[in-house]
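Starting from the given sequences, assemble the full structure and let the hints guide the process.
Just so you know, the protein sequences line up as chains A and B, in that order. Mapped onto the working numbering, the consecutive letters of the first sequence carry residue numbers 4 to 415. Mapped onto the working numbering, the consecutive letters of the second sequence carry residue numbers 5 to 400.
Treat the hints loosely; a few may be bogus.
[To be verified] Here are some, though not all, of the chain B residues that point toward chain A, as calculated from beta-carbon distances under 8 Å:
(1) Gly-128
(2) Asp-131
(3) Ile-148
(4) Met-239
(5) Ser-243
(6) Leu-254
(7) Gly-255
(8) Asn-258
(9) Asp-334
(10) Gly-365
[Claimed, not checked] Reference listing, derived: stretches of chain B covered by chain A, where coverage requires no fewer than 3 residues with Cβ under 8 Å from a Cβ of chain A:
(11) 343-352
(12) 376-384
Bear in mind the hints are in silico, worked out from the structure with no lab data behind them. Backbone N, C-alpha and C fix where the C-beta goes; we use that ideal spot for every residue, glycine too.
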Amino acid sequence: MSLRFTKLALGAALGSLFSGALLASDLVVTFDDLNPDKKAAFEAAIDAFKAANPDINVVANNGDREAHKNTIRNALQNDAPDVITWYPGNRMGPFVDAGLFLDISDLWASDENLSSKFNAIKPTMSRDGKQWGVPYSYYQWGVYYRKDIYDKLSLSEPKNWEELLGNCDTLKEAGVTPFTIGTQYLWTAAGVFDYLNLRTNGYEVHNDLTAGKIKYTDDRIRATFAKWEEMLDRCSFVSTHATMDWQAAISPFAKGDAAMYVMGNFSVGQYKDAGLTDDQIDFFQFPEITAGVPRAEEAPADAFFIPAKAKNVENAKKFLAFIATPQIQGDWNKAIGQLPPNSDAEINADDKFIVEGMATLSTAAGLAQFYDRDAPAAMAKAGMEGFQKFMLDPSTLDEVLEGLDKVQAEVY
Amino acid sequence: MTSNVAGSNNRFDTSVNQMAIAGVVLALCVYVLMFVINTTMVQEMFGYSRQISARVPTFFMRMGVLLVAIAAGFFMITGHSYYKRNKLAVAPWLFLAIGLAFFMVYVIIPIFQSISFSFTKWNGLYDINGDWTGEWVGLHNYRILWDDPNFWTSLKNNLIWLVLFMLAVPIGLFIALFLNQTVMGIRIYKSLFFFPFVISQVVVGLIFAWAYNPEFGLLSEIWGWFFCDFKENIMGNLSRVCSVDPPSILGDANTATYGIIAAGLWPQIAYCMILYLTGLNNVSPDQIEAAQLDGAKGWKMLRHVVLPQLKPATFIAIVVTVIGALRSFDMIATMTQGGPYGSTNVLAYYMYDQAVGEGVGRYGYGSAIATVLFFIMLVYISYFLYRMYQDEKEGG
Numbered sequence: 004m005s006l007r008f009t010k011l012a013l014g015a016a017l018g019s020l021f022s023g024a025l026l027a028s029d030l031v032v033t034f035d036d037l038n039p040d041k042k043a044a045f046e047a048a049i050d051a052f053k054a055a056n057p058d059i060n061v062v063a064n065n066g067d068r069e070a071h072k073n074t075i076r077n078a079l080q081n082d083a084p085d086v087i088t089w090y091p092g093n094r095m096g097p098f099v100d101a102g103l104f105l106d107i108s109d110l111w112a113s114d115e116n117l118s119s120k121f122n123a124i125k126p127t128m129s130r131d132g133k134q135w136g137v138p139y140s141y142y143q144w145g146v147y148y149r150k151d152i153y154d155k156l157s158l159s160e161p162k163n164w165e166e167l168l169g170n171c172d173t174l175k176e177a178g179v180t181p182f183t184i185g186t187q188y189l190w191t192a193a194g195v196f197d198y199l200n201l202r203t204n205g206y207e208v209h210n211d212l213t214a215g216k217i218k219y220t221d222d223r224i225r226a227t228f229a230k231w232e233e234m235l236d237r238c239s240f241v242s243t244h245a246t247m248d249w250q251a252a253i254s255p256f257a258k259g260d261a262a263m264y265v266m267g268n269f270s271v272g273q274y275k276d277a278g279l280t281d282d283q284i285d286f287f288q289f290p291e292i293t294a295g296v297p298r299a300e301e302a303p304a305d306a307f308f309i310p311a312k313a314k315n316v317e318n319a320k321k322f323l324a325f326i327a328t329p330q331i332q333g334d335w336n337k338a339i340g341q342l343p344p345n346s347d348a349e350i351n352a353d354d355k356f357i358v359e360g361m362a363t364l365s366t367a368a369g370l371a372q373f374y375d376r377d378a379p380a381a382m383a384k385a386g387m388e389g390f391q392k393f394m395l396d397p398s399t400l401d402e403v404l405e406g407l408d409k410v411q412a413e414v415y
Numbered sequence: 005m006t007s008n009v010a011g012s013n014n015r016f017d018t019s020v021n022q023m024a025i026a027g028v029v030l031a032l033c034v035y036v037l038m039f040v041i042n043t044t045m046v047q048e049m050f051g052y053s054r055q056i057s058a059r060v061p062t063f064f065m066r067m068g069v070l071l072v073a074i075a076a077g078f079f080m081i082t083g084h085s086y087y088k089r090n091k092l093a094v095a096p097w098l099f100l101a102i103g104l105a106f107f108m109v110y111v112i113i114p115i116f117q118s119i120s121f122s123f124t125k126w127n128g129l130y131d132i133n134g135d136w137t138g139e140w141v142g143l144h145n146y147r148i149l150w151d152d153p154n155f156w157t158s159l160k161n162n163l164i165w166l167v168l169f170m171l172a173v174p175i176g177l178f179i180a181l182f183l184n185q186t187v188m189g190i191r192i193y194k195s196l197f198f199f200p201f202v203i204s205q206v207v208v209g210l211i212f213a214w215a216y217n218p219e220f221g222l223l224s225e226i227w228g229w230f231f232c233d234f235k236e237n238i239m240g241n242l243s244r245v246c247s248v249d250p251p252s253i254l255g256d257a258n259t260a261t262y263g264i265i266a267a268g269l270w271p272q273i274a275y276c277m278i279l280y281l282t283g284l285n286n287v288s289p290d291q292i293e294a295a296q297l298d299g300a301k302g303w304k305m306l307r308h309v310v311l312p313q314l315k316p317a318t319f320i321a322i323v324v325t326v327i328g329a330l331r332s333f334d335m336i337a338t339m340t341q342g343g344p345y346g347s348t349n350v351l352a353y354y355m356y357d358q359a360v361g362e363g364v365g366r367y368g369y370g371s372a373i374a375t376v377l378f379f380i381m382l383v384y385i386s387y388f389l390y391r392m393y394q395d396e397k398e399g400g
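Spelled out as structure tokens, the structure:
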């Protein structure tokens with residue numbers, strides 16, 4: 004009797020397995036952001052895709068962003084979903100090189116959106132001359148500042164380095180620390196370094212450095228650090244930055260003890276949560292340092308990729324093409340307060356930061372991903388520790404740069 | 005069949021019939037195992053392993069089959085006449101078998117695997133065909149390690165941890181002696197002192213990190229009474245202005261490690277205290293009385309009468325404190341993540357950081373660090389085992 008029962012159960016299980024596979028095709032999507040607005044925007048896009056493709060049985064997974072950085076390794080090598088989120092630039096390098104992402108150059112060539120409306124971001128999505136993913140969002144970096152403090156001291160947005168240093172002098176005289184930052188998790192310091200480097204040396208040097216073609220002891224990089232030392236000296240950052248994360252660093256900014264913050268646009272919501280209004284905060288592009296260097300910007304993108312082990316590649320490509328449409332790109336980024344990589348997509352015209360960000364990025368000479376995405380992770384970790392050490396004690400510069408050269412020789 | 009069962013009171017005795025069934029089950033299990041494990045299991049055992057967690061269902065299935073096979077094997081062996089003749093010699097190994105198997109798979113084999121990884125350069129990935137993507141580099145990782153200032157910082161911090169963490173033993177003893185009296189409500193005081201040990205290390209780390217925080221922490225608050233004033237800033241908000249900046253304990257490379265150790269000592273002292281309190285319960289009152297009659301008191305009483313009787317407690321306290329110092333990982337992870345700029349790393353955290361942390365993916369290098377840590381631990385563990393062995397011999 005028990006044997007008969009087992010047979011029955013087995014039959015039922017197998018039956019359900021096959022019938023499920025036969026009736027509709029599947030699509031498994033793995034996403035990595037549980038923040039309420041990001042999660043809702045993702046789910047809205049999934050719902051729209053389901054409505055447009057009723058024959059596809061969509062399974063959407065969502066998990067914590069930091070955990071995803073580790074779990075993706077398992078996911079790509081073993082039980083791969085059909086679509087997965089990851090970062091473009093050098094961060095996708097190891098997976099591309101190991102053959103774990105699917106080459107989707109054909110989709111980029113044939114799809115009407117990808118072939119013509121993603122030109123600015125296409126180099127970022129490319130490696131070895133092929134395209135590997137589709138970006139759904141990106142955002143600008145720059146200097147967020149307290150407009151009310153600036154007005155009170157009759158300061159204006161600095162257009163070049165001297166003006167910025169001049170503003171800092173005035174702020175310090177008034178008892179305001181010019182810049183806030185929280186370097187506990189290191190990457191915020193990389194934002195400052197990237198901008199100083201992009202403005203001192205330009206986009207090519209940024210790329211060559213993060214690609215390991217220029218040494219850290221190179222004179223051009225030393226020039227960047229010289230500007231940084233000048234900034235530490237005349238502008239200065241809040242003194243306790245090494246024990247604060249980026250959210251904690253908003254507190255002196257919100258209280259009016261600090262006036263500027265080199266940050267990404269995702270931070271705007273947090274300023275408002277801290278009680279600041281649109282009238283009190285504003286945005287300017289990081290000012291020019293070396294005259295004539297074409298203005299490149301930081302614009303980290305988030306993207307979807309197809310694992311090489313995906314089981315439903317056709318559906319996955321359908322999904323990526325769907326994500327690239329102006330409608331979805333517009334809706335998604337309106338919901339999360341970021342910018343759509345598709346140049347035809349609508350943006351939220353009521354949000355002054357988004358409007359300014361769009362203007363900043365669409366006229367930029369080049370888009371950098373960010374130090375810790377352009378450089379390999381092992382290099383980025385050592386580099387950012389070096390930046391923090393330099394910020395805490397500028398006299399350690401030589402030691403820091405020589406140490407980074409050693410890591411560079413090892414990593415690449 | 006009849007005489008065998010009827011005449012015996014051994015519950016492991018089985019009939020020929022049962023043996024045949026067990027044999028069939030065993031054969032089936034072996035067959036299924038072969039089918040399920042094929043190459044991956046072999047890879048895992050002898051080659052470079054893929055992470056196991058992604059295949060949890062197959063893993064459980066495999067373990068289930070393995071258990072059934074072990075049980076079937078058990079019945080077969082206990083039914084065998086060889087077993088009946090050598091019961092005393094074989095039985096302990098049968099009981100040990102399962103534990104030994106797990107110990108091999110989860111401890112012994114991984115040790116040799118990570119040692120072998122340490123001679124390679126590998127980012128932790130297998131390509132689409134499941135082929136390992138690393139390359140053999142010989143002693144390269146160890147040469148890099150020798151030149152790596154972060155490695156020496158970590159090693160130095162490990163030593164600082166070991167030395168300073170030992171303070172928990174005398175302080176724990178002192179508190180235990182202090183609390184070892186009979187007054188009203190002493191149990192409440194004892195449990196209050198023991199309380200920090202009950203809290204998770206992560207929570208202890210967070211509490212201390214907040215207390216140290218130079219912006220809003222308890223320490224900076226106290227500092228503020230002496231050195232700081234509240235002044236209205238440019239926007240009319242009250243903000244604190246200090247004549248001397250409050251110390252940023254976790255933000256300063258020179259003090260951060262000591263700050264974390266102080267946090268770690270809090271629960272560790274409580275642990276040593278409870279060990280000594282139980283030890284003090286066993287101190288013989290006769291000997292105390294005899295010593296009192298001989299005129300011993302104070303330090304002499306403690307040194308020559310009480311402490312010798314606390315020797316077992318001291319031994320355990322030292323052992324758990326050494327282990328605690330080497331387990332400092334959680335504290336570092338919650339309080340500084342090795343920062344500022346790697347100055348609070350210990351070997352265990354640096355290894356994690358280089359291999360799996362933030363996708364850095366230097367698995368070969370991480371394994372080299374792990375190997376060094378392993379050999380350092382080996383010295384301690386060997387000594388510990390030697391002591392145990394000596395004690396056993398004396399006791400036996």
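Hint check:
1. Gly-128: Nearest chain A Cβ about 6 Å off; hint holds.
2. Asp-131: Holds. Min distance 5 Å.
3. Ile-148: holds (6 Å)
4. Met-239: With a closest approach of 3 Å, the Met-239/B hint holds.
5. Ser-243: holds (5 Å)
6. Leu-254: With a closest approach of 5 Å, the Leu-254/B hint holds.
7. Gly-255: Hint holds; Gly-255/B Cβ to chain A Cβ min 3 Å, cut 8 Å.
8. Asn-258: violated (11 Å)
9. Asp-334: violated (17 Å)
10. Gly-365: holds (6 Å)
11. 343-352: holds (count 4)
12. 376-384: violated (count 0)
The structure does not agree with the numbered hints 8, 9 and 12 stated previously, though it agrees with the rest.
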